[in-house]
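Starting from the structure of chain U, add chain W where the hints point.
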Amino acid sequence: MHDDLTVLHALRCAGTCGLDRLAAITGLDAPALESRLIDLGAAGLATRTTGFAPGWQLTEAGRAADAARVTAELDAADARPAVTAAFRRFLVLNPELLDLCAAWQLRTLDGVTTANDHRDAAYDARVLDRFADLDRRAAPVCAELTAALPRFGRYPLRLRTALDRAAAGDTVHVTDSTASYHTVWAELHEDLLATLGIPR
Amino acid sequence: MTPWIRPLTATTEGGPDTLGAKAHGLVLAHRLGLPVPPAFVVTTDACRAYLRDGRLPGGLHRELAAAVARLEAATGRAFGGPGAPLAVSVRSGAAHSMPGMMTTVLNLGLTTGATARLAAETGDPAFARDSRRRLLTGIATALGADPAPGDDPDRLLRRIRDRRDGRPFPDDAPGQLTLALETVFSSWHTPRARTYRALHDIPHDLGTAAVVQAMVFGNRDARSGSGVAFSRDPTTGANTPYGDVLFGHQGEDVVSGTATTHPLPALADREPAVWQALRAALHRAEAHYRDACYAEFTFQAGTLWILQLRPGRFTSGAAVRLATELADAGVITRREAVRRVTPRQLGHLRVPRLADPAGADLLTRGIGAVPGVATGRIATTADRAARLGPGTPVILVRPETSPHDLHGLAAATGVLTARGGPAGHAAVVARSLGRPAVVGARDLTVDPGRGTVTAGGRTLPEGTLLTLDGTGGHVALGAPPLTTGDADGRLDRCSAGRTPSPATPHHVIPPHASPPRTPPWATPPPDRKDTPVATRHLYLLRHGAADALGHLTPAGERQADLTGRRLARLPVDAVWHSPLPRAERSARILATHLPRATVAAAPELVDHIPHVPADPPPAWAPFFDGYDAEEAAAGERLADALTARFARPAPAETHEVLVTHAYPVAWLVRDALNAPRPAWLGLSCGNTALTVIEYRDTTTPTLVLHNDMGHLPTDLRWTGFGPGLHP
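Chains as they are written, first to last, in our numbering: chain U, 1 to 200; chain W, 1 to 727.
Hints in this document: simulated from the structure, not taken from any laboratory. The model shown is predicted, which means the values in this text are computed figures rather than measured ones. Take these hints with a grain of salt, some might be off.
Unchecked claim - To give an idea of the interface, some chain U residues facing chain W are shown, with a C-beta separation under 8 angstroms as derived from the structure: (1) Thr16; (2) Leu100; (3) Ala103; (4) Asp124; (5) Arg126.
Claimed, not checked - From chain U, some residues computed to sit far from chain W (all C-beta separations above 10 angstroms): (6) Thr6; (7) Leu28; (8) Ala32; (9) Ser35; (10) Asp39; (11) Ala43; (12) Ala64; (13) Ala82; (14) Gly197.
Note that beta-carbon positions come from the ideal geometry of N, C-alpha and C, so glycine has one too.
Chain U with its partners taken away, still in its complex shape (with noise of 0.2 angstroms):
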C-alpha cells in the first residue's frame, strides 16, 4: 500500500490521531508521517482538529477516497472471499476478546462485582495468560489476512507487543492505553469492516 493510502487507512481504523500514535499504527516515522498528512491536507482528506485530542481525522471525502481505495485495492488483489472467511473467524474470537477485557477490569468477589484492583497477581497472571492463549488463535486469522492484504501485517506486530508489554508489567497494554491490546484489536475490527464495506 502506499504511503499516503496506508496513512489515509490509518485515520479511518483508528478515528482521530495525534503523529505519535500514527507512528505507532503504520510505522512511519514523524517526517514521513507530518508529509504525508500535509498533502492529505491540501487534497482534503484530512483535517487537524483542535480542542481536547488536538490531532489529525478524515473529512468526509477522506473516507470516501478511503472507501475507493480501499475496494479497489481488494478487487484487485482478489482478495475478498479470504478476508471475508477472516473477518468471520475474527467475529467467533471477539465477544472472547471483550470477556477478557472486562475480566482484567472487573472481577467477582464473594458474589460482588468490583473493580480489579491488581492487587492479586495470580489472578492477573491467569488473564494475561488467557490472553496469550486468545492471541496465539488470532495469529492464524492474522497470517490469513495478511497473506490476502500485506498491510494485514501490521496488527499481528503490535497485538504482540502489547501483549510483551503487558507481561513485562507496564499493564496499561491491556485495556488502557492507545497501544494497548483492546484498541488494536478494536482498530482491527473497524479495518475488516472498512475493508468489507460493511456499516455499523
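For chain W alone, kept in the frame of chain U given last:
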C-alpha cells in the same frame, strides 16, 4: 446402572452437579407447585461421556425414546408422528452459571410435516412458519453458520448443510433432537467457554446437562409472550417485581435484544391473570429461598409457564435493602441480615447514585456498566464532545462506540449507548477512563445528523442536561439529587443494639439529603449539649461567573472545574448548593472531581439579603431602597437558618462544600468573626473564590481563608467584582 436421563418432577433426585443448575431450579419450581412445562434432563454424566468418546453414550437413545414418549403422554401430542405435533427446547445448563457461553435450541421437532400440521391445527400458518424459521436459525447459529437476519428457510438449510460437511438438517424429529443434544454438549468446549471457566475457576471436566422441555410458544398469538423477572429491583432492592416482557415473541428475542421489550408492569395491564400468577410464583420462590429470586417465563394464550428459577444474587445497595427488609418481615434473623452484607458490598455503597430514581424525570434505562454518576450536556458525536469537554461536562450519547469515538469518550464525563453490554467496546473504554457508563439502553435512538436523542417518546436536542447512573442504569433529565451510602440508615436499623454499626460516617447521609418538608428556619436547632461534637470544615464558594439570565458562562464553568480540582484532595462528604441554577451547575461541575461527595440543594443557601442595616452607608442606600420590612424580616430569618444549620460543629467530623452566593458567604464570615450584623456589607468575594471556616467544639470558629483565588488563572480571577484595579 445410573440412567442418563431423569424426568423433571417434584421428586427428581440429584444436585446441580448432575442435573445442572437450570434443571435443579425447575425441580424446585415443581416442588413449589409452579407451572412448569413437562421436561426431562440429560445429565452431565451423558455430556462427559459424549465429550470423552466423541459420541452419545450407548443406551441413551433408548432412554431418549422413553423420555420423549412420556412428554408425548403428558402433552397429548406426538413428536414427529401423526397428530398434533410436539415441539421441544433443548437448553444447556451446567452446575455453574456461564451466561451466554453455551447453546440453546428451540422448536425442535418442527419437521416440514410437523410444521404443516401445526399450521393446520392452529389455523395460523404464519406462526408455524415463524417457529420453524426460529428452529433453523437457532441450529445454524449453534453450528457457527452465522445466519443473516433475512435468511429464508432454504438458505438456512443450505448454511446448516455446509457446516455439516454436506449432511442435510434431519427432517425427522428424533434426528433433530440428537443433533441438538450433540450441539449443546459440544458447546461446553468452545474456546470462549473454556476461557470463561479458566477465569472463573470452574473445572473443565464438569460438562453441562441439557434440559429437554415441551415448547410453550411466546410467539403463538397476541396473548402470548416471554420475559425475565426479578422479584425485586436488583439495583435498588425496591420490593416490586422488575424485568422485561416481550409480547408475541419467544424468549431468545428478550435476551438478544432483537425486539423492543416493555417494563414488566406492562403485563398487569395486558395480561392481568398472567401478572397475578407471576407475582404469586415470585412470592412463593422468595419465601423458599429467603432471598430475592429471578425467573424466566413464557405465557401462551394467557397461561403462565416458568422456564427457569434461581436466587436473585443481589449486590451492593440492593443487597442491603433486601437483607433489612427480609429481617423486618421476619423472613431472616437480624444476625443473618448483617452476615449477608459483606464488606465488599459496603464498599460499593460509597459510589454515588441517584437518590430517588422513581422520583426523577427518567428518560430511559439501560445496563449500568461503569458505576458512578455523571451529569452533563448531550453530545451525539465524539467530535462535538471533544470540542465542548472537558471544560463543559458532556454526556456522549452514541448508538454504540468504535475507535472513532475514543477522543469523545476521553473528553466526556459520562457515556450512554443504545447497544452493547457490560463487556462491549463502550464499557471497556469507559471503565479504563473511569467514566460512568450506561450501555444497551434499547429504546434509545441517536441521530447524530440532526443532533437528537430519542427515548420513551421524547426527542431531546444536543446540549440537554442529562444525568446517568452507572450503577442502576438510570438516565434522567436534569440533575436530580444524588446519594451515597446507606441513605436510609438500614444497616443501623438492622444491627441496632447488637453490634457496633459497620457504617462509617461516610455511609451516613446528612439528615437534610432531601429537601425538608417544613421550612428549615422553622425548626429550632438541636440542643448542642446532647450532640456529640466534632469539627465541621466548611468550604464556602460563590458560584461561577454567570450571564444576565443567571446561567454559567464558559468562564464560570472553567472556574467551577478548577475549583473542583483544587478540592479533590480533600475528603469532602457533601456538596450543598443554592437551588438557583448557577449555583447548582457550579456544584455539579466541581463535584465531578469529588466522587465520594453527595450533591444536594440546601434552601438556606439561596441568594438573599441577610440583614438590612437601619442606616445603610450612602453608597448602598439605592440598593435597599424599596426593600420593605416584610422582605427584610424574611431575609433575616433565612440568614439565621443558614447559620443554625451550617455554622456549628457536627456530630462527626465532616468536610462540606457550600456553593452559594456572595451575600450568604459574607454572612457566614461575619458570623464566624462575631462582627456586628451590618459588617456583611464589607465582605465581598469573587466567583468561585474559596473561603474556609472550621467549627470546633469549644473554641470560636476559625476563619482559615477568605476570598482566595489561587486556583484560578489571572483571567478568571476577580469576576463578580466591579471594574477597577485588583491585586
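Practice item. Report the numbers of all earlier hints that the structure fails to satisfy, in ascending order. Key: 4
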